[in-house]
Amino acid sequence: MSPLLFALYLEPLCKIIMADESIQGVNLGTGPTKILAYADDVAIVCSSKRELELAVKHLSDFSNASGAVMNMSKSTGAWLGPWITKPERYLGMNWSCSVSKYLGIELETLSLSTGREGIHLNKVHGKMSEWHGRYLSFFNRSFVCNSVFFSSVWYAAQVVPSRQVDIHKFHRICATFIWQSLFERMRRTNLFLSLSKGGMGLVNLELKIKVNRLLFFRDQIHPVLARSLKCLGGRYLSAWQVSTEEASRRAPVLRFYKEIEDAITFFQSRFSWDYLIQANRKKLYWDTIDLVIPPPMYRSPPESVEGSTVFKKLRKYPVKTCIKDFFVKFHTGVAC
Numbered sequence: 001m002s003p004l005l006f007a008l009y010l011e012p013l014c015k016i017i018m019a020d021e022s023i024q025g026v027n028l029g030t031g032p033t034k035i036l037a038y039a040d041d042v043a044i045v046c047s048s049k050r051e052l053e054l055a056v057k058h059l060s061d062f063s064n065a066s067g068a069v070m071n072m073s074k075s076t077g078a079w080l081g082p083w084i085t086k087p088e089r090y091l092g093m094n095w096s097c098s099v100s101k102y103l104g105i106e107l108e109t110l111s112l113s114t115g116r117e118g119i120h121l122n123k124v125h126g127k128m129s130e131w132h133g134r135y136l137s138f139f140n141r142s143f144v145c146n147s148v149f150f151s152s153v154w155y156a157a158q159v160v161p162s163r164q165v166d167i168h169k170f171h172r173i174c175a176t177f178i179w180q181s182l183f184e185r186m187r188r189t190n191l192f193l194s195l196s197k198g199g200m201g202l203v204n205l206e207l208k209i210k211v212n213r214l215l216f217f218r219d220q221i222h223p224v225l226a227r228s229l230k231c232l233g234g235r236y237l238s239a240w241q242v243s244t245e246e247a248s249r250r251a252p253v254l255r256f257y258k259e260i261e262d263a264i265t266f267f268q269s270r271f272s273w274d275y276l277i278q279a280n281r282k283k284l285y286w287d288t289i290d291l292v293i294p295p296p297m298y299r300s301p302p303e304s305v306e307g308s309t310v311f312k313k314l315r316k317y318p319v320k321t322c323i324k325d326f327f328v329k330f331h332t333g334v335a336c
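FYI, UniProt numbering numbers position 181 of the sequence shown as 181, with every residue one higher than the one before it.
Hint data in this document are derived by calculation from the structure and do not stem from the laboratory.
Cross-link-like lysine to any residue pairs, in silico, SDA-like; alpha carbons within 25 Å at most:
1. Lys-127 - Gln-180
2. Lys-57 - Ser-22
3. Lys-57 - Asn-71
4. Lys-57 - Lys-86
5. Lys-208 - Gly-198
6. Lys-230 - Asp-262
7. Lys-57 - Asp-40
8. Lys-123 - Leu-112
Let the sequences and hints guide you as you build the complete structure.
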């Protein structure tokens, strides 16, 4: 079944739970949150055991009418907050006192405080093994890094704090893949420059994360997430927020919100607020790349290098891979 058809198929269940006034859910913002649905992953939020029983009844009625069957062995529950009793087995499901994983994202306290699960390097190594032995040009290897390797780590890195050591390891993996050697033949930062600036356009994961954190803070309009920035951001984000809640200044700060504060400070020291308010994601990223990464020192570029399209054209030319690689090596001055 296609994702769209499945969403339409599941809509009646979501509607009836949201319309049930006996299920209060949890008030996380301007209104109650009762159900969260993404593809075939459905989470129901209840504030009492009576609400849990009503929700399970709705699931049973939906199953009888639609023919769908709830897999109880894969369904779990979590007792969050103060409950009189917290049984490990309830309503035919296993229960715990924390949410360890949601939508494939690790949510354990250790992971959120250390950033251990932010960058999944094992996934990158698994993807890279599929591309070994393929005869690709420098341009195509950079494209593989951006489209395959980067996407495998970006899903979790958007919402989970990351460790600098893992970010640098990711850059190292991509650089050695491009050069097909453990020896990097020129300064790694040259690879991050755009093709028009003489680079390979390799994605800079560290800057991508900083841009993501800044825009997450700047463009946040969802009431639940906006409130979390005030309540959980603590003293680090209070300088950029208007809040009368004194608790927000004393709240313990999670590593994710500290990354937001670091990103704001990073961009504030390099750009004006007028620019940061209106810049989109792509423009902010490439302007930052041009600002923090010095131009390459190899071979004096022509005066019109700002508008150079040599590498872009070379990437598309129907010539042999060895010819493209020779031109890149000759242009950059690396050993052939």
